[in-house]
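A.B. asks: Chains as they are written, first to last, in this note's numbering: chain A, 1 to 253; chain B, 254 to 474.
Every clue listed holds true.
Taking lysine-lysine and the DSBU-like style, the derived pairs with C-alpha atoms no more than 30 Å apart in a straight line are:
{"id": "1", "chain 1": "B", "residue 1": "390", "chain 2": "B", "residue 2": "268"}
{"id": "2", "chain 1": "B", "residue 1": "263", "chain 2": "B", "residue 2": "469"}
{"id": "3", "chain 1": "B", "residue 1": "469", "chain 2": "B", "residue 2": "373"}
{"id": "4", "chain 1": "A", "residue 1": "101", "chain 2": "A", "residue 2": "117"}
{"id": "5", "chain 1": "A", "residue 1": "10", "chain 2": "A", "residue 2": "225"}
{"id": "6", "chain 1": "A", "residue 1": "233", "chain 2": "A", "residue 2": "196"}
{"id": "7", "chain 1": "B", "residue 1": "263", "chain 2": "A", "residue 2": "242"}
{"id": "8", "chain 1": "A", "residue 1": "242", "chain 2": "B", "residue 2": "390"}
{"id": "9", "chain 1": "A", "residue 1": "233", "chain 2": "B", "residue 2": "262"}
{"id": "10", "chain 1": "A", "residue 1": "242", "chain 2": "B", "residue 2": "469"}
{"id": "11", "chain 1": "B", "residue 1": "287", "chain 2": "B", "residue 2": "390"}
{"id": "12", "chain 1": "B", "residue 1": "268", "chain 2": "A", "residue 2": "233"}
{"id": "13", "chain 1": "A", "residue 1": "119", "chain 2": "A", "residue 2": "131"}
{"id": "14", "chain 1": "A", "residue 1": "117", "chain 2": "A", "residue 2": "140"}
{"id": "15", "chain 1": "B", "residue 1": "287", "chain 2": "B", "residue 2": "409"}
{"id": "16", "chain 1": "A", "residue 1": "242", "chain 2": "A", "residue 2": "10"}
{"id": "17", "chain 1": "B", "residue 1": "262", "chain 2": "A", "residue 2": "242"}
{"id": "18", "chain 1": "A", "residue 1": "233", "chain 2": "B", "residue 2": "263"}
{"id": "19", "chain 1": "A", "residue 1": "242", "chain 2": "B", "residue 2": "268"}
{"id": "20", "chain 1": "B", "residue 1": "469", "chain 2": "A", "residue 2": "233"}
{"id": "21", "chain 1": "A", "residue 1": "197", "chain 2": "A", "residue 2": "117"}
With the Cβ distance kept under 10 Å, some of the chain A side facing chain B (calculated, not the full set):
{"id": "22", "residue": "235"}
{"id": "23", "residue": "249"}
{"id": "24", "residue": "250"}
Everything labelled a hint here was simulated from the structure, so no lab data went into it.
None of these values were measured; they are calculated from a predicted model.
Glycine included, every Cβ here is placed at the ideal spot set by N, Cα and C.
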Amino acid sequence: MTHAIKAASKNLDFFYGDFQALEDISIEFERNRVTALIGPSGCGKSTYLRCINRMNDLIDGTRVQGDMFLDGEDIYAPGVDVVSLRRRIGMVFQKPNPFPKTIFENVAYGLRVNGIKDKQLIEQTVEESLKGAALWDEVKERMHTSALGLSGGQQQRLCIARALAIEPEVLLMDEPASALDPIATQKIEDLIHELKKEFTIIIVTHSMQQAARVSDRTAFFYMGKLIEVGDTKTLFTNPANKQTEDYITGRFG
Amino acid sequence: MEQRAHFSKKLEDLKVMVLRMAAMSESAVHKSIKAYLEGDADLAEDVIVGDDVINDMEDDIDNFSLELLALDQPMAVDLRTIIGAQRITVNLERLGDEAVNLAHRAMFLSTRPPMPHNPKMESLAATATLMLSNSLKSYVDEDVPLAGDVCRMDDKADDLNIGILRQLVSEMVTETRIVERGVHAIIGARHLERIADLATNVAESVVFIVEGTSMKHSCKE
Numbered sequence: 001m002t003h004a005i006k007a008a009s010k011n012l013d014f015f016y017g018d019f020q021a022l023e024d025i026s027i028e029f030e031r032n033r034v035t036a037l038i039g040p041s042g043c044g045k046s047t048y049l050r051c052i053n054r055m056n057d058l059i060d061g062t063r064v065q066g067d068m069f070l071d072g073e074d075i076y077a078p079g080v081d082v083v084s085l086r087r088r089i090g091m092v093f094q095k096p097n098p099f100p101k102t103i104f105e106n107v108a109y110g111l112r113v114n115g116i117k118d119k120q121l122i123e124q125t126v127e128e129s130l131k132g133a134a135l136w137d138e139v140k141e142r143m144h145t146s147a148l149g150l151s152g153g154q155q156q157r158l159c160i161a162r163a164l165a166i167e168p169e170v171l172l173m174d175e176p177a178s179a180l181d182p183i184a185t186q187k188i189e190d191l192i193h194e195l196k197k198e199f200t201i202i203i204v205t206h207s208m209q210q211a212a213r214v215s216d217r218t219a220f221f222y223m224g225k226l227i228e229v230g231d232t233k234t235l236f237t238n239p240a241n242k243q244t245e246d247y248i249t250g251r252f253g
Numbered sequence: 254m255e256q257r258a259h260f261s262k263k264l265e266d267l268k269v270m271v272l273r274m275a276a277m278s279e280s281a282v283h284k285s286i287k288a289y290l291e292g293d294a295d296l297a298e299d300v301i302v303g304d305d306v307i308n309d310m311e312d313d314i315d316n317f318s319l320e321l322l323a324l325d326q327p328m329a330v331d332l333r334t335i336i337g338a339q340r341i342t343v344n345l346e347r348l349g350d351e352a353v354n355l356a357h358r359a360m361f362l363s364t365r366p367p368m369p370h371n372p373k374m375e376s377l378a379a380t381a382t383l384m385l386s387n388s389l390k391s392y393v394d395e396d397v398p399l400a401g402d403v404c405r406m407d408d409k410a411d412d413l414n415i416g417i418l419r420q421l422v423s424e425m426v427t428e429t430r431i432v433e434r435g436v437h438a439i440i441g442a443r444h445l446e447r448i449a450d451l452a453t454n455v456a457e458s459v460v461f462i463v464e465g466t467s468m469k470h471s472c473k474e
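Produce the complete structure using the sequences and hints provided.
C.D. replies: Set out below in structure tokens:
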């Protein structure tokens, strides 16, 4: 079964000032599939993730060369509306970061910012987003209490619901379960399996077991370079590259 | 220093356990073949009594492999090393069983007058023995070409087995007094042919461990 390409980078370089953090990265991300980015700390995987929705633009002195495509269009082309790009590419971070507002307002926030005022539409979208993030049943009785009262795992699923509310096409996840206990982690991983039916997911993870469990494809980064990308099953059972093998078998990193 | 040194040590321990079991199984096969060809009932008895040790070794390796899989969550070549070791162990246990089966034939035949000299039977025994020895050598040295050689020898063992069957059937037609011994000899040849099959399985597992590819059912191509 072949999958259409939703996003892709071609010969992408990235610089923090004079330091080149990414070198010649070409990857294709297939629609409705999960791609995991793995590699030791400092290998560039999170930097690369942030190139996909131009989050690095927010850091002074950074520079991108090469191309990053979403549906075949270069997102770094002049005239691209970055705000609308980020609406299409949602992001979930390592540490749950709910706003100090009610559960309802956290999810409704993105809708309000995008100018939606229809109360019924907002309520409906909030409910659907919370259901999509597998959190609805746990919070439906306390929608108007503070989101800060939720557990860490619930807060992270709330952040996922908040990302889903604006109906993105791609979901970027930067170590979304690294601050969670095993049960909460499992819920997030189950959720990723469900979410890929609707979205294209790209996840950075330090846990190779997690990459193996949740992803269809895996890309291994080392020192700013893409060493190997391929089907997760192959990469974790019979990688083509010796460096990949040494990393996933724990011989360095 | 290599990371996960503790885990690497455990993988080495696993290989040593498999090699110890391999030495026991290979010895049982050698003894049973000698007992079978020479009608040595005492040697056959040794093989039958010794099989429990081989079975216990399989249990130990199973438990250790399971522990490594659960606690160390290995990947790539490490994962294949453990899965491959388990597959080899299953075949080593069956080799022990085939040696016992052959030993039973040897004990029976030792109570009867000797069969006429049969060069094909000796050739089959030598082929099976060489295949087993080379399959274990390929595991020790991670020698994929040697494993491929073992696999390709399997046809020869099959042909010899069929040749023995035809020869003994034809002898039994003309000499009815050897029917009982002939049937046991046919069964003995079948056990030798199975030993060759199991050696082939070991060789296939070696290729899986080293290269991550399966040559099951395809090594002759």
